[in-house]
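Those letters in the sequence shown? Residues 1 to 273, by my numbering.
In case anyone wonders, no lab produced these hints; they're calculated from the structure.
C-beta atoms are modelled at their ideal positions from N, C-alpha and C, and glycine is treated no differently.
Be aware that one or more of the hints could be misleading.
[To be verified] Calculated pairs, DSSO-like style, for lysine-lysine (alpha carbon to alpha carbon, straight line, at most 27 Å):
1) Lys51 <-> Lys80
2) Lys271 <-> Lys210
3) Lys258 <-> Lys219
4) Lys75 <-> Lys88
[As the list claims (entries may be wrong)] Distance ranges between label pairs, derived from CB positions:
5) His65 <-> Leu123: 16 to 24 Å
6) Ser42 <-> Gly200: 35 to 43 Å
7) Pro103 <-> Ala260: 46 to 54 Å
8) Gly153 <-> His65: 54 to 62 Å
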Amino acid sequence: MGRQGDVPLRKNMDPADKSPTIVVEDTAESLDELSEYLDVLSSSARLRIVKFLEKKPRDARAISHEIETSYENTKKHLDKLMSIGVIKKEAGLGAPTSKGIHPVWQYSVVPGGLESIIRNLGLFSNTRVQIIGGEISRRLESVKSTLSQEVLGNVPAAIVLGGHDDGRTFLLRTDTVRVGRSDPERPADATGDADVEISGAYTAVTRISKPHGKFLFKKDGWYFEDCGSTGGTVLNNARLERHVPTPVHDGDLLELAKGAGGARLLLIIPKNP
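With the sequences and hints as input, model every part of the structure.
Structure follows, in C-alpha coordinates:
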(Lines of atoms letter the chains of each structure in order from A; the text may use other names.)
(Lines give C-alpha, C1' and ligand atoms only; values in the text may rest on other atoms or scores of the structure.)
Protein backbone atom coordinates (compact mmCIF):
# COMPACT_ATOMS: atom_id res chain seq x y z
CA MET A 1 0.00 0.00 0.00
CA GLY A 2 3.00 2.25 0.39
CA ARG A 3 4.03 4.10 3.52
CA GLN A 4 2.73 7.49 4.41
CA GLY A 5 6.20 8.99 3.96
CA ASP A 6 6.49 7.77 0.37
CA VAL A 7 4.04 10.30 -1.11
CA PRO A 8 3.30 14.00 -0.66
CA LEU A 9 0.62 14.31 2.03
CA ARG A 10 -1.20 17.20 3.61
CA LYS A 11 -3.32 16.87 6.75
CA ASN A 12 -6.54 18.80 7.17
CA MET A 13 -7.93 19.15 10.66
CA ASP A 14 -11.66 19.85 10.96
CA PRO A 15 -12.32 21.44 14.39
CA ALA A 16 -15.38 19.22 14.76
CA ASP A 17 -13.49 16.06 13.80
CA LYS A 18 -10.44 14.95 15.75
CA SER A 19 -9.31 12.44 13.11
CA PRO A 20 -7.11 13.88 10.34
CA THR A 21 -8.02 13.97 6.69
CA ILE A 22 -5.08 12.83 4.59
CA VAL A 23 -5.06 14.45 1.18
CA VAL A 24 -2.96 12.57 -1.36
CA GLU A 25 -1.95 13.94 -4.74
CA ASP A 26 -3.63 12.02 -7.57
CA THR A 27 -0.29 11.52 -9.36
CA ALA A 28 1.36 9.69 -6.45
CA GLU A 29 2.66 6.30 -7.58
CA SER A 30 1.74 4.78 -4.22
CA LEU A 31 -1.93 5.10 -5.16
CA ASP A 32 -1.52 2.45 -7.85
CA GLU A 33 -1.60 -0.43 -5.36
CA LEU A 34 -4.67 0.95 -3.62
CA SER A 35 -6.40 1.40 -6.96
CA GLU A 36 -5.60 -2.18 -8.02
CA TYR A 37 -6.77 -3.49 -4.64
CA LEU A 38 -10.10 -1.69 -4.99
CA ASP A 39 -10.46 -2.95 -8.57
CA VAL A 40 -10.22 -6.55 -7.34
CA LEU A 41 -12.72 -6.03 -4.52
CA SER A 42 -15.20 -3.96 -6.54
CA SER A 43 -16.90 -7.13 -7.82
CA SER A 44 -19.70 -8.53 -5.65
CA ALA A 45 -19.08 -11.92 -7.28
CA ARG A 46 -15.51 -11.99 -5.93
CA LEU A 47 -16.66 -11.09 -2.44
CA ARG A 48 -19.27 -13.86 -2.61
CA ILE A 49 -16.48 -16.26 -3.58
CA VAL A 50 -14.51 -15.26 -0.48
CA LYS A 51 -17.61 -15.78 1.67
CA PHE A 52 -18.30 -19.18 0.03
CA LEU A 53 -14.73 -20.37 0.67
CA GLU A 54 -14.74 -19.42 4.35
CA LYS A 55 -15.92 -22.83 5.58
CA LYS A 56 -13.97 -25.23 3.39
CA PRO A 57 -11.91 -25.44 0.16
CA ARG A 58 -13.81 -25.77 -3.12
CA ASP A 59 -12.87 -26.41 -6.72
CA ALA A 60 -13.57 -23.92 -9.50
CA ARG A 61 -16.64 -25.76 -10.80
CA ALA A 62 -18.31 -25.78 -7.39
CA ILE A 63 -17.54 -22.09 -7.03
CA SER A 64 -18.89 -21.41 -10.53
CA HIS A 65 -22.17 -23.12 -9.61
CA GLU A 66 -22.43 -21.15 -6.34
CA ILE A 67 -21.98 -17.71 -7.90
CA GLU A 68 -23.93 -18.65 -11.04
CA THR A 69 -21.41 -17.66 -13.67
CA SER A 70 -19.33 -19.51 -16.25
CA TYR A 71 -16.30 -21.61 -15.39
CA GLU A 72 -14.10 -19.24 -17.42
CA ASN A 73 -15.34 -16.14 -15.56
CA THR A 74 -14.94 -17.93 -12.26
CA LYS A 75 -11.28 -18.69 -13.03
CA LYS A 76 -10.70 -15.00 -13.83
CA HIS A 77 -12.26 -13.98 -10.51
CA LEU A 78 -10.09 -16.51 -8.65
CA ASP A 79 -6.92 -15.27 -10.33
CA LYS A 80 -7.75 -11.72 -9.30
CA LEU A 81 -8.34 -12.72 -5.68
CA MET A 82 -5.07 -14.66 -5.60
CA SER A 83 -3.24 -11.62 -6.94
CA ILE A 84 -3.98 -9.68 -3.72
CA GLY A 85 -3.27 -12.64 -1.45
CA VAL A 86 -6.82 -13.24 -0.21
CA ILE A 87 -7.18 -16.84 -1.42
CA LYS A 88 -4.81 -19.67 -2.32
CA LYS A 89 -5.04 -22.91 -4.29
CA GLU A 90 -3.73 -26.36 -3.46
CA ALA A 91 -4.10 -29.80 -4.99
CA GLY A 92 -7.00 -31.85 -3.65
CA LEU A 93 -9.37 -34.65 -4.60
CA GLY A 94 -12.54 -33.99 -6.57
CA ALA A 95 -15.95 -35.54 -6.03
CA PRO A 96 -16.28 -39.25 -6.95
CA THR A 97 -17.47 -39.92 -10.51
CA SER A 98 -18.15 -43.03 -12.60
CA LYS A 99 -14.51 -42.81 -13.73
CA GLY A 100 -13.14 -42.58 -10.21
CA ILE A 101 -11.70 -39.74 -8.15
CA HIS A 102 -9.35 -37.28 -9.81
CA PRO A 103 -7.06 -34.59 -8.40
CA VAL A 104 -8.31 -31.01 -8.77
CA TRP A 105 -7.19 -27.54 -7.74
CA GLN A 106 -9.04 -26.47 -4.61
CA TYR A 107 -9.29 -22.87 -3.50
CA SER A 108 -9.49 -21.63 0.07
CA VAL A 109 -9.31 -18.35 1.96
CA VAL A 110 -5.88 -17.50 3.32
CA PRO A 111 -6.06 -17.54 7.16
CA GLY A 112 -7.21 -14.09 8.21
CA GLY A 113 -7.87 -13.12 4.58
CA LEU A 114 -11.40 -11.83 5.08
CA GLU A 115 -10.44 -9.99 8.26
CA SER A 116 -7.56 -8.44 6.34
CA ILE A 117 -9.94 -7.04 3.69
CA ILE A 118 -12.23 -5.54 6.33
CA ARG A 119 -9.26 -4.13 8.25
CA ASN A 120 -7.61 -2.56 5.20
CA LEU A 121 -10.79 -0.92 3.92
CA GLY A 122 -11.66 0.29 7.40
CA LEU A 123 -8.23 1.82 7.95
CA PHE A 124 -8.32 3.72 4.68
CA SER A 125 -11.77 5.06 5.53
CA ASN A 126 -10.69 6.00 9.05
CA THR A 127 -7.94 8.26 7.72
CA ARG A 128 -10.49 9.99 5.44
CA VAL A 129 -8.37 9.56 2.34
CA GLN A 130 -9.26 12.20 -0.24
CA ILE A 131 -7.74 12.14 -3.70
CA ILE A 132 -7.32 15.51 -5.37
CA GLY A 133 -9.09 15.34 -8.73
CA GLY A 134 -9.55 11.58 -8.41
CA GLU A 135 -12.20 8.90 -7.80
CA ILE A 136 -10.55 6.66 -5.23
CA SER A 137 -12.47 8.01 -2.22
CA ARG A 138 -15.81 7.25 -3.90
CA ARG A 139 -14.60 3.84 -5.05
CA LEU A 140 -13.44 3.05 -1.52
CA GLU A 141 -16.89 3.77 -0.11
CA SER A 142 -18.51 1.77 -2.91
CA VAL A 143 -16.34 -1.28 -2.18
CA LYS A 144 -17.04 -0.98 1.55
CA SER A 145 -20.78 -0.90 0.82
CA THR A 146 -20.52 -4.02 -1.35
CA LEU A 147 -18.46 -5.77 1.33
CA SER A 148 -21.11 -4.97 3.92
CA GLN A 149 -23.90 -6.37 1.75
CA GLU A 150 -22.20 -9.48 0.36
CA VAL A 151 -20.00 -10.58 3.27
CA LEU A 152 -21.14 -8.97 6.53
CA GLY A 153 -24.84 -8.96 5.69
CA ASN A 154 -24.98 -5.24 6.57
CA VAL A 155 -24.11 -6.09 10.18
CA PRO A 156 -21.85 -3.56 11.96
CA ALA A 157 -18.42 -4.81 12.98
CA ALA A 158 -15.59 -3.96 15.38
CA ILE A 159 -12.06 -4.86 14.24
CA VAL A 160 -9.13 -5.20 16.64
CA LEU A 161 -6.05 -3.27 15.52
CA GLY A 162 -2.70 -4.37 16.90
CA GLY A 163 -1.61 -6.79 19.56
CA HIS A 164 -2.52 -10.45 20.08
CA ASP A 165 -5.92 -10.24 18.33
CA ASP A 166 -4.85 -7.97 15.45
CA GLY A 167 -7.37 -8.21 12.61
CA ARG A 168 -9.95 -10.16 14.61
CA THR A 169 -13.46 -9.09 13.61
CA PHE A 170 -16.51 -9.05 15.87
CA LEU A 171 -20.00 -8.59 14.41
CA LEU A 172 -22.44 -6.47 16.45
CA ARG A 173 -25.50 -8.70 16.10
CA THR A 174 -27.57 -7.57 19.10
CA ASP A 175 -28.75 -4.23 20.45
CA THR A 176 -26.44 -4.50 23.46
CA VAL A 177 -22.90 -5.86 23.06
CA ARG A 178 -20.52 -6.06 26.03
CA VAL A 179 -16.83 -5.31 25.45
CA GLY A 180 -13.86 -6.46 27.53
CA ARG A 181 -10.94 -8.86 27.88
CA SER A 182 -11.45 -12.52 28.65
CA ASP A 183 -11.90 -13.50 32.28
CA PRO A 184 -10.43 -16.90 33.30
CA GLU A 185 -12.71 -16.97 36.36
CA ARG A 186 -15.84 -16.48 34.29
CA PRO A 187 -17.91 -19.68 33.86
CA ALA A 188 -17.69 -21.11 30.34
CA ASP A 189 -21.46 -21.04 29.94
CA ALA A 190 -21.48 -17.31 30.76
CA THR A 191 -19.62 -16.44 27.56
CA GLY A 192 -21.98 -14.80 25.11
CA ASP A 193 -21.54 -15.19 21.37
CA ALA A 194 -22.53 -11.55 20.95
CA ASP A 195 -19.78 -10.21 23.25
CA VAL A 196 -16.65 -8.48 21.99
CA GLU A 197 -14.34 -10.56 24.17
CA ILE A 198 -10.68 -9.93 23.39
CA SER A 199 -7.60 -11.80 24.57
CA GLY A 200 -6.35 -11.57 28.14
CA ALA A 201 -3.13 -10.17 26.68
CA TYR A 202 -4.76 -6.72 26.70
CA THR A 203 -4.15 -6.33 30.41
CA ALA A 204 -5.24 -2.69 30.71
CA VAL A 205 -8.74 -3.49 29.42
CA THR A 206 -11.36 -4.29 32.08
CA ARG A 207 -12.55 -7.91 32.16
CA ILE A 208 -15.71 -8.88 30.31
CA SER A 209 -17.41 -10.06 33.54
CA LYS A 210 -17.60 -6.40 34.59
CA PRO A 211 -17.34 -5.02 31.09
CA HIS A 212 -15.01 -2.25 30.05
CA GLY A 213 -17.87 -0.88 28.00
CA LYS A 214 -20.76 -1.77 25.77
CA PHE A 215 -22.19 -0.98 22.36
CA LEU A 216 -25.84 0.10 22.35
CA PHE A 217 -28.15 0.33 19.36
CA LYS A 218 -30.88 2.97 19.59
CA LYS A 219 -33.39 4.37 17.13
CA ASP A 220 -30.97 7.03 15.91
CA GLY A 221 -27.90 4.78 15.62
CA TRP A 222 -25.07 3.12 17.55
CA TYR A 223 -23.57 4.31 20.84
CA PHE A 224 -20.67 3.26 23.04
CA GLU A 225 -20.76 3.55 26.83
CA ASP A 226 -17.74 3.19 29.11
CA CYS A 227 -19.02 1.15 32.05
CA GLY A 228 -16.66 2.64 34.63
CA SER A 229 -13.51 0.96 33.30
CA THR A 230 -10.18 1.40 35.08
CA GLY A 231 -8.23 2.50 32.00
CA GLY A 232 -10.95 4.62 30.39
CA THR A 233 -12.00 4.86 26.74
CA VAL A 234 -10.94 7.27 24.00
CA LEU A 235 -13.03 7.89 20.85
CA ASN A 236 -11.10 9.55 18.01
CA ASN A 237 -8.67 11.13 20.51
CA ALA A 238 -11.46 12.41 22.79
CA ARG A 239 -11.78 10.76 26.21
CA LEU A 240 -15.30 9.52 26.96
CA GLU A 241 -17.12 10.32 30.15
CA ARG A 242 -17.90 7.15 32.08
CA HIS A 243 -21.50 5.84 32.07
CA VAL A 244 -22.54 8.26 29.31
CA PRO A 245 -23.54 6.67 25.96
CA THR A 246 -21.76 8.46 23.10
CA PRO A 247 -22.71 8.18 19.39
CA VAL A 248 -20.25 6.24 17.20
CA HIS A 249 -20.01 6.16 13.41
CA ASP A 250 -18.44 4.29 10.54
CA GLY A 251 -14.64 4.61 10.60
CA ASP A 252 -14.43 5.66 14.26
CA LEU A 253 -11.48 4.46 16.35
CA LEU A 254 -12.13 3.35 19.93
CA GLU A 255 -9.18 2.96 22.30
CA LEU A 256 -9.87 0.82 25.35
CA ALA A 257 -7.26 2.15 27.80
CA LYS A 258 -3.97 3.63 26.67
CA GLY A 259 -0.50 2.12 26.50
CA ALA A 260 0.86 -1.34 25.77
CA GLY A 261 -1.97 -3.13 27.57
CA GLY A 262 -4.74 -1.24 25.79
CA ALA A 263 -6.74 -2.28 22.72
CA ARG A 264 -7.94 -0.37 19.66
CA LEU A 265 -11.20 -1.12 17.84
CA LEU A 266 -11.99 0.16 14.36
CA LEU A 267 -15.73 0.41 13.67
CA ILE A 268 -17.44 -0.56 10.43
CA ILE A 269 -21.04 0.67 10.55
CA PRO A 270 -23.11 0.42 7.34
CA LYS A 271 -25.06 3.53 6.46
CA ASN A 272 -28.21 1.47 5.85
CA PRO A 273 -28.06 -1.49 8.25
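A quick look at each hint next to the structure:
1. Lys51 <-> Lys80: 15 Å, holds
2. Lys271 <-> Lys210: Distance ~31 Å between Lys271 and Lys210 Cα, so the pair is violated.
3. Lys258 <-> Lys219: With a Cα-Cα distance of about 31 Å, the restraint between Lys258 and Lys219 is violated, given a limit of 27 Å.
4. Lys75 <-> Lys88: Holds, at about 13 Å.
5. His65 <-> Leu123: 16 to 24 Å: 35 Å, violated
6. Ser42 <-> Gly200: 35 to 43 Å: Since the Cβ atoms of Ser42 and Gly200 sit about 39 Å apart, the hinted range of 35 to 43 Å holds.
7. Pro103 <-> Ala260: 46 to 54 Å: Holds - the Cβ-Cβ distance for Pro103 and Ala260, about 48 Å, lies within 46 to 54 Å.
8. Gly153 <-> His65: 54 to 62 Å: With a Cβ separation near 22 Å, Gly153 and His65 fall outside 54 to 62 Å, so the hint is violated.
Checked against the numbered hints given earlier, the structure breaks hints 2, 3, 5 and 8 and satisfies all the rest.
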